[in-house]
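**Q** On the provided structure of chain A, position chains B and C as indicated by the hints.
Chains as they are written, first to last, in the working numbering: chain A, 1 to 205; chain B, 1 to 205; chain C, 1 to 205.
These are computed hints drawn from the structure, not numbers from a lab.
Model, not experiment: these values are computed from the prediction.
Wrong hints could be hidden among the right ones.
One copy or two, either will do: identical chains are not told apart, so a pair holds if it fits within one copy or between any two.
[Said to hold, decoys possible] In silico lysine-lysine, DSS-like type, Cα no more than 30 Å apart, as pairs: (1) 162 x 177; (2) 177 x 136; (3) 154 x 177.
Residue-level listing of the chains:
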Amino acid sequence: MALRFRPADASFYDMFSTLAAQLVNGAGLLNEVFTEGTDRAALADRMREAEHSADEATHEIIRRVNTTFVTPFDREDIYALASALDDVMDFMEEAVDMVLLYEIDDLPPELAEQVSVIQRCAEVTADSMPRLQSMKNLDEFWIEINRLENAGDKHYRRILAKLFNGELEALEVMKLKDVVDSLEAAIDAFESVANVVEQIAVKES
Amino acid sequence: MALRFRPADASFYDMFSTLAAQLVNGAGLLNEVFTEGTDRAALADRMREAEHSADEATHEIIRRVNTTFVTPFDREDIYALASALDDVMDFMEEAVDMVLLYEIDDLPPELAEQVSVIQRCAEVTADSMPRLQSMKNLDEFWIEINRLENAGDKHYRRILAKLFNGELEALEVMKLKDVVDSLEAAIDAFESVANVVEQIAVKES
Amino acid sequence: MALRFRPADASFYDMFSTLAAQLVNGAGLLNEVFTEGTDRAALADRMREAEHSADEATHEIIRRVNTTFVTPFDREDIYALASALDDVMDFMEEAVDMVLLYEIDDLPPELAEQVSVIQRCAEVTADSMPRLQSMKNLDEFWIEINRLENAGDKHYRRILAKLFNGELEALEVMKLKDVVDSLEAAIDAFESVANVVEQIAVKES
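Bound-form chain A, shown alone (with noise of 0.2 Å):
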């Protein structure tokens, strides 16, 4: 236990929880991409809304820290935090817009298993921000996305060596590739919340 008392502002739980609790959304609505028949116009423009609420949280936070005397944790791990959130969510409305932008028709199953990745991960962050005050159980977090992240990392390659084993053609291949990759970077930025989560832990015990 740190020796220092901070009577810190507690509305910082409260604002990472929020904006944790956005990211389960968001990943839900990157997964009904996926469902058949699904409003894809009307899809995105919901994602684009998520996105924006989710810019407002992010700036929020960052106000809040810029403004305050005492914080909870080092102000640049709440930078920090904040910001891997927030792409997060910046990934995911990419990728949906993708899908979009480039009229892609066939979308490999192997995406579908990535998204869901993508929810477990948005799941167990939104569990674990409000652990934060706490400070217990941290770790079973981190643990958690980075087995995650390694079975995200297992689909990614198989999903490469797929779109590049000739049968598609080019252009199909760079369209997918951009939204494959999208999806890799939504994992990543989950990755690195749970690295800050993990270092702020450290720097409490």
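**A** Relative to the frame of chain A, chains B and C by itself:
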């Protein structure tokens, strides 16, 4: 107004103004790529020189931060501002370089629109840098950059949709996409500049 | 010489030296991809192990920073140095992985030249790390890395021009470009290492 008094080195404002003025020059060179009959090899040389000058100006700022006891803003904000300004130049130079390297003959007119956005970003950035000293009217700056970034994003998406509509050969798409992505990265770097300026202003208010 | 006296934990120098030595090993493995008759699957396994070891060494440094009261340099410089060294390994591993994953049979000889640049960067980096303790002759290090980065950049541009000259199929270009970009990113990460070292040296001077 912050209570702390900083007898800070005023030359930082001049150094940032100089660096931003170099971006206006660089954006002008970038625009010449689209002028009929331009000697592109000569242009790429001038662009490389501009990029080299910006590197030196950035290096000078960072050296000054590291050797100055009292800085006008937090050290990490000075680093972040200098780096973001330097990134803009790097991406503009990259775009010119790729047009030459890939021997791209037909540049879609939509790219010229995107370059206009970059030129406007450079101008408002150069206008705002001297105002860092008085901290007055800086909100106009980041609001305008955000507006320009939104406009640039709409162009970017329209250009991508056109590149991938099946009319162009895959290799041509790959070349143009590299150029378009460099322009997009330059605009994103301007947005980072605006974010740092906003952060500095919030801390000082 | 800085006035402050830091009875700092000397093990940081050893930890950085260990991590940099792992890069020399990794660059050697990367070079084996170009050796006729290499068992690439076995090589990729060894590369993955090397990457895993570097991850652990990096993690160890960061854990030490977070739990040590007096560090030999600013904490953020230690983070930045460890991260940049770790990035080099990640990009080298990525390059090997892609050669295997994409089943690339013909690697252009220019790529081997680029790998030579990376090997040389790794050697001068490993040589320089122990000198962080005495702070002597570090300028030789960043000057040499900058020279190598310039050479690498010339190779990179020549390789890109060749990839896009129309002789290769689009899908083949995409595969090779991914490998080439990973090598380029490794060299850029060495440049980041050199920049951090220069920054540390300036602060201490």
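**Q** Does each hint fit the structure? Answer for all of them.
**A** Evaluated hints:
{"no.": "1", "hint": "162 x 177", "in the structure": "both (11 Å within a copy, 18 Å between copies)"}
{"no.": "2", "hint": "177 x 136", "in the structure": "neither (39 Å within a copy, 45 Å between copies)"}
{"no.": "3", "hint": "154 x 177", "in the structure": "both (15 Å within a copy, 21 Å between copies)"}
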